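S.K.: Line order of the protein sequences matches chains A and B. Each residue of the first sequence is one higher than the last, beginning at 583 in my numbering. Each residue of the second sequence is one higher than the last, beginning at 583 in my numbering.
It should be emphasised that the hints constitute simulated quantities derived from the structure, not laboratory data. Treat each hint with caution, since some may be false.
[Claimed, not checked] Stretch-level coverage of chain A by chain B, calculated; a stretch enters the list once three of its residues show a Cβ under 8 Å from a Cβ in chain B: (1) 605-616; (2) 664-673; (3) 680-689; (4) 745-751.
[As the list claims (entries may be wrong)] Here are some, though not all, of the chain B residues that point toward chain A, as calculated from beta-carbon distances under 8 Å: (5) 605; (6) 681; (7) 845.
[Claimed, not checked] Restraint-style ranges between C-beta atoms, simulated for each label pair: (8) 848/B x 845/A: 30 to 36 Å; (9) 657/B x 703/A: 34 to 40 Å; (10) 816/B x 880/A: 18 to 24 Å; (11) 628/B x 710/A: 31 to 37 Å.
As the structure is a computational prediction, the values presented were derived from the model and not from experiment. Don't be surprised by glycine CBs; every beta carbon is placed ideally from N, CA and C.
Protein chains: 2
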Amino acid sequence: TPLDSAKLLLAFKPAPKAKAAPAPVDSEARIALGRMLFFDPRLSKNHDISCNSCHGLDTFGVDNKPLSDGHRGQKGTRNSPTVYNAAGHIAQFWDGRAASLEAQAEGPLFNPVEMALPDDRRLVATLASIPEYQKRFRQAFPGETQPITRATVTQAIAAFERQLTTPSRFDAFLEGDAGALTAQERRGLETFVAVGCTTCHNGGAVGGTSFQKLGLIEPWPHVADAGRFEVTKDEEDLNKFRVPTLRNVEKTAPYLHSGSVQALPEMVRLMARHQLGQALPEPDVEDVVAFLKSLTGALPQQYISAPELPKSTPRTPKPDPS
Amino acid sequence: TPLDSAKLLLAFKPAPKAKAAPAPVDSEARIALGRMLFFDPRLSKNHDISCNSCHGLDTFGVDNKPLSDGHRGQKGTRNSPTVYNAAGHIAQFWDGRAASLEAQAEGPLFNPVEMALPDDRRLVATLASIPEYQKRFRQAFPGETQPITRATVTQAIAAFERQLTTPSRFDAFLEGDAGALTAQERRGLETFVAVGCTTCHNGGAVGGTSFQKLGLIEPWPHVADAGRFEVTKDEEDLNKFRVPTLRNVEKTAPYLHSGSVQALPEMVRLMARHQLGQALPEPDVEDVVAFLKSLTGALPQQYISAPELPKSTPRTPKPDPS
Ligand code: HEC
Ligand code: HEC
Ligand code: HEC
Ligand code: HEC
Ligand SMILES: [Ca+2]
Ligand SMILES: [Ca+2]
Ligand SMILES: [Ca+2]
Ligand SMILES: [Mg+2]
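This is chain A alone, in the form it adopts within the complex:
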């Protein structure tokens, strides 16, 4: 017998929605500035990589590579997660080492294999050399005597990111429109709940609410990445990862922290087996995949259109390919 609606939806409360309005602190000026910073490659050592290089906003916030290319083509060690709906996550990064979007953004800017800025001074010198940025930082942070700092840069980027939500048909369904899902998608949702996927993939982002071990029930062969252990140094956290959101998962392959799984049906089979100890019958796999595709949302096309970036000046530090 199918589960009743109330029970089905329990795991997804509070119902996710695009925020009605930005938090008061995220002024329009901050958001507009954050958008520019997100797209500006001059925030990288060689002026060739922006946040958008690895988190392409028109490709659902990812680059669809197993591992991204950073400064001088260097590869990182983890798959780039999407920036859409990340604001709702309990912590940022696969290991949760940043408690907020603001803290997160410091990572890539100064990471030698990502944007590779040497220090705060280089960041501030670059932005302060451009009069248009000077003006915009003053408007976005009117109370500050020194408005261009590492902290204000990350606050503006975070303000922009907080509105990166992707309402989907599943949200219409959660809000009571029973016809928003097809019969197969609805069956997939029931399987998703009944089988236990919602133990881990729950809440507004259908994920992002806890840290869980990859290979909880049936061990995963060779997990090279210590995951959450890196942050807590607690053996119990070895190979735990912040559960990813499944919103837009159809579009964010390859999968896992390692980017090592390409196909969504295969990913569903592996989850059922390793996280829940079940061999999921093929028709159920197909239903669950259909349900997961109903989580693909509408991109906020206007919000994410690339802004015009102000020109460098003679004072702007030069690209540094070293």
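Let chain A serve as the given structure and place chain B with the ligands on it in line with the hints.
M.R.: Below, chain B with the ligands alone, put in the same frame as chain A:
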């Protein structure tokens, strides 16, 4: 009918225990250094406040004041939580704004109403002026060319804190010793689970695993503190706080982020009413209180005994009462 043991204990898995051994990265040298730093008031602007001032290790990691006294007697705005068992928390601070003990420790050192150091330079200058610290940092961080930095200071403190666990009779019970709890304590545990306290107070620290709204069911009058909202800027997070551990709760009054509740039985009644919408009968309150007291652990007396601190030298920056 009493719940069976398996069901009773589900919420507390994985069974908490004092770590068998420190993480390999937490070398003996790091732990010993972290202990010294935890007790050293020269890490404060006026050389009068150490971590131990607010987190007295011989008083269960707290100061038992509603709000602590920091630099120049200034009061902060939140109650000092215990440092015991904090390593297991999903995030640090009442609002979870630090993702790790390392990130947490940066807070008080530079907070103007706590230890009030002006910047990294003052921290490094102080420690580098003392030959014994120079030697100990070199031993604790043998790979580093500059072993005294903000990052190594917080790594050493975190290494020390990770071993601050307090095994209690409840752990003996969890490990199968049915006689470790009295009949009343066991009844209290059953009520604690049956009534729903474990929805929020669960896991190794009996708390610390999620953020929850104070006044979830019945609104709490006047919550002045925005809590988790400060970190996420998400209205859904208004007045949410990281659920505190209940280990040693008998000893860590006053209660709540505000330190505004003094008595444990009253706190239990308030929780039942505001978090669960129930008027808990007095005999049940007494049983739950009895159970909570079984969570009081043994302090690691030798581990926490105050170390001898090396003397200042003429190069050590002077106390600054300003
Ligand atoms: C060179 C590729 C690259 C660049 C450039 C980059 N990122 Fe990332 N991003 C990643 C990777 C890889 C991760 C995951 C790393 C990890 O978990 O350790 C990540 C994680 C994140 C997350 C966490 C999402 C989650 O669900 O945990 C956010 C948010 C984010 N990046 C935003 C940004 C912003 C903002 C910028 C620019 C300031 C940026 N990224 C630049 C590759 C990149
Ligand atoms: C016990 C926890 C747990 C359960 C149960 C669970 N998952 Fe996961 N899931 C995770 C974790 C943790 C990851 C990320 C692991 C990693 O990156 O190494 C993940 C990753 C995924 C991914 C890849 C997402 C991405 O962007 O990389 C998909 C798809 C997925 N799960 C679907 C499911 C489905 C469908 C089920 C039920 C059949 C399920 N999960 C059950 C914890 C769980
Ligand atoms: C003047 C008082 C004071 C001093 C000094 C102080 N703390 Fe705290 N500590 C607090 C308060 C108050 C909080 C909670 C603040 C909040 O949540 O915003 C806190 C929170 C913490 C937490 C988080 C615990 C949890 O469960 O979230 C840890 C760990 C901690 N302090 C360790 C330290 C260390 C290490 C030092 C020294 C470097 C230190 N504290 C110095 C008052 C103090
Ligand atoms: C829905 C979540 C939730 C439930 C259910 C819940 N609590 Fe709490 N509890 C919290 C939160 C959140 C706090 C901290 C709130 C704050 O500081 O403002 C807290 C604080 C406490 C404290 C004070 C601890 C301290 O150190 O300040 C005690 C004691 C406590 N709870 C016991 C209980 C008991 C007993 C029950 C069941 C009758 C219960 N709680 C049910 C979320 C919950
Ligand atoms: Ca970094
Ligand atoms: Ca991916
Ligand atoms: Ca207290
Ligand atoms: Mg910093």
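S.K.: List, from low to high, the hint numbers that the structure doesn't satisfy.
M.R.: 4, 7 and 8
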